[in-house]
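Undergrad: In my numbering, the protein residues as written are 1 to 62.
FYI, nobody ran anything at the bench for these hints, they're computed from the structure. Everything numeric in this text was worked out from a predicted model, so none of it was measured. Take the hints with a grain of salt, since some may be wrong.
What the hints assert, rightly or not - Listed below are the simulated BS3-like cross-link pairs for lysine-lysine, each with C-alpha atoms no more than 27 Å apart in a straight line:
1) 7 with 29
2) 7 with 55
3) 53 with 29
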Amino acid sequence: MEQIENKGLTVETHCRSGFCGMCRVRLLKGQVAYDETPVAFVKEGEVLVCCAKAKTDVTLEI
């Protein structure tokens, strides 16, 4: 989330911990990981930017 905000972009979020799912965006390319499994449901090809960490360069649809 910080990297997105540092680029001047905004994503709606409420909890910043993977609980609400409000920050869900499409992952178009790359891989992410989570320190802890988010509570909010995440489908294949989606990512919660509030708590995901990029493992590779990623492309997101915001």
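Undergrad: Give a verdict on every hint.
TA: A quick look at each hint next to the structure:
1. 7 with 29: holds, 18 Å
2. 7 with 55: Roughly 19 Å between the alpha carbons, so the hint for residue 7 and residue 55 holds.
3. 53 with 29: holds, 14 Å
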